[in-house]
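Using the hints, position chain Y against chain E.
Which chain is which? The protein sequence lines are E and Y, in order. So for the first sequence, my numbering puts the first residue at 1; every next one is plus one. So for the second sequence, my numbering puts the first residue at 1; every next one is plus one.
No lab work stands behind these hints, which were simulated from the structure alone.
Sample of chain E residues at the chain Y side, in silico, Cβ under 10 Å:
#1 C7
#2 D58
#3 Q64
Computed from a prediction, not measured in an experiment: that's the story for all the values here. Where a beta carbon is used, it is the ideal one built from N, C-alpha and C, also for glycine.
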Amino acid sequence: MMVPVRCFTCGKVVGEHWEEFKERSREGDENPKQVLDELGVERACCRRMLVSHKDLVDIVAPYQ
Amino acid sequence: MSEEYDVEFIERGDTEARFLVRDVDPAFANGIRRAMVADVPTLSIDEVRVVENSSVMFDEQIAHRLGMVPLTTPPNEFDEEDVVTLAVDIAGPATAYSGDIVSSDGLVEPATDGIPLIELKEGQRLEVEADAVLDTGDSHAKHQGGVAVGYRHLQRVEVVGDRGEFEDDEPRIVRGVIEEDGELIPAETFDNDLTNRYAGKEIEVHDVPNAFVFDVETDGSMSVDELVSEAVRTIRSRADELETAIQL
Chain E
1 MMVPVRCFTC GKVVGEHWEE FKERSREGDE NPKQVLDELG VERACCRRML VSHKDLVDIV
61 APYQ
Chain Y
1 MSEEYDVEFI ERGDTEARFL VRDVDPAFAN GIRRAMVADV PTLSIDEVRV VENSSVMFDE
61 QIAHRLGMVP LTTPPNEFDE EDVVTLAVDI AGPATAYSGD IVSSDGLVEP ATDGIPLIEL
121 KEGQRLEVEA DAVLDTGDSH AKHQGGVAVG YRHLQRVEVV GDRGEFEDDE PRIVRGVIEE
181 DGELIPAETF DNDLTNRYAG KEIEVHDVPN AFVFDVETDG SMSVDELVSE AVRTIRSRAD
241 ELETAIQL
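Looking at chain E on its own, in the form it has when it is part of the complex (with noise of 0.2 Å):
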């Protein structure tokens, strides 16, 4: 739904860097890769949480 406050596996904090990744990643056209490397999320398993990640709150909002 929202995105993970944290990495499930090392604890680092991801949350804050969603926003920049999707708009530059997803909705413009950048290397994820690079995007990840440029916001200093460097282990595997922080990077699967953002890349993996898929907001559904639009979704489930007429649902109420």
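Here is chain Y on its own, set in the frame of chain E:
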């Protein structure tokens, strides 16, 4: 093990650092690592009173997200029983961020402001009051100050001869930090491959006894310096406790 040990920084930042410690045994190095992860107390939201939550998430989910937000915890300012009250009050359409958390204590604030807590649509509102408590990483991961803390032996590379002219050029991968004539070289500088640095040489890699390179990263609740000294303090206080407990 000697009474004093030598600490040398390789990289030093506020929330990330890499340093070399000499003259400690592996048990002590691991003791510090474990203390950094599990025994340094940090503040985290533990109880949430929901006044209004008309967002798309359940109260419990919101409470969990609030709990994961790191809060700045100055060492030695708080006791185990202390409670710090925080509040969030945001009406949609807007996104509630960790920066919207209002604290009753100037010392305790969200370590980062940009974590999205919940996206609110038109007519939705989130109003909560929360209590932050001091606890350690072994009771819940949200109280864990050190993130992915680890250590590695310092390594020394020895050139034992030349490589045969027709031998295969296989990469020789090494991680961490190597020592060369007293100089410390992070392996990333030669792309973790020793053949880049010692081309055409036959090499042997040895661990330097009792020298450990620590990689420490914090969640932002305190600086690396504070985290390491707090970890040592918790070990010392438990050692003192043990000493008094077994005294006759």
